[in-house]
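There are 2 protein chains.
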Amino acid sequence: MARWEPDARGRLLRAALDLFAEQGYERTTTAQIASRAGLTKTTFFRHFPDKREVLFYGQPMLMELATNGVRDAPADATPLDAAAAGVDAMASAHVEGQREYAPQLGAVVAANDELRERAAFKRASIAGAMADALVVRGVDERVAALAAELGARAYYTAFDRWIAPANTEPMPDLARTALTELRAAAAALA
Amino acid sequence: MARWEPDARGRLLRAALDLFAEQGYERTTTAQIASRAGLTKTTFFRHFPDKREVLFYGQPMLMELATNGVRDAPADATPLDAAAAGVDAMASAHVEGQREYAPQLGAVVAANDELRERAAFKRASIAGAMADALVVRGVDERVAALAAELGARAYYTAFDRWIAPANTEPMPDLARTALTELRAAAAALA
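Listed in order, the protein sequences are those of chains A and B.
All the letters of the first sequence, read from the start, carry residue numbers 1 to 190 under the UniProt record's numbering.
All the letters of the second sequence, read from the start, carry residue numbers 1 to 190 under the UniProt record's numbering.
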């Protein structure tokens, strides 16, 4: 199972978050981030095109986990159960260390219009990946889009709960609970 | 009913789209857009903070229309019927002239990562506005979020069909059809 290890990317993210907190997002340069992480600028650019993408480096991995999770669900799984498998695959990849810096990351994103737009795109991309994977399974396009939307919403809801200071539940459990709540809401709606 | 009139904003949008097509988005300046529209740079900046926002100027109006549509739905409307009223308010504001330049606008956005992110944010903002308006009506937060998501999806689906060359149906009819299809998909899911 792929995990977020304290590798170069993780070090660059922590360095970036520290610098953004100290001097603001706008004022921070890629050179400063690399230096704070104890890495060269060349290493920085091997991992990220710019400082913004440091904050969103989980996106490709999440999309892949979601896609594979949906693909590998049992053949007779309903669309929502297949989406749930995608959500579970994403939720299971989160490691405890992330809980420390996630609130700080969220605050940086929330304070900047450009980053909020990027975050909306990330969310749409994850939902889109799940929808595509459901269509590959033969699910009707509209049903796939809605199942994927419920899945993405469950994932984000669970993540917010997971990083809350009082939380002690594992991320996969929170994701399952969130999806159960959303299933009920969808039933109430229809 | 508010409508998109061929005002300064509309002129700036058409000028911008022409210039983006001729020389690309990146190479076009706000001064060029103003000049092509026969307006001053000062007028440009009275309407838009930058060239990018020219492409998204409908967002505040759509959010307001959706919010008011949901608010003014009958007191006994279901969450989905109230969302439908918001969608209808947005759909009814579209005027024929938009169909001419909408495909060109869509192509510019699709070709540029930054603009696609901005478009994802616009979509999320419209859905968010509808969800907020539903919560004000006393709808449960999760049900509101899902009803708003169906509404936003119906609106965008209808818009894509409306601007298709072969289409002759009015936008509000297309929006109603799209929402009916999505209701069926939601029922199939739940």
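It is possible that part of the hints are untrue.
Calculated cross-link-like contacts (lysine-lysine; reagent style BS3-like; alpha-carbon spacing at most 25 Å) [said to hold, decoys possible]: (1) A:K122 - B:K122; (2) B:K51 - B:K41; (3) B:K51 - A:K122; (4) B:K51 - B:K122.
Think of the hints as simulated: they come from the structure by calculation, not from any bench.
Inset, instruction - Run the structure past the numbered hints and jot down the numbers of the failing ones, going up. - result: Of the numbered hints, all hold.
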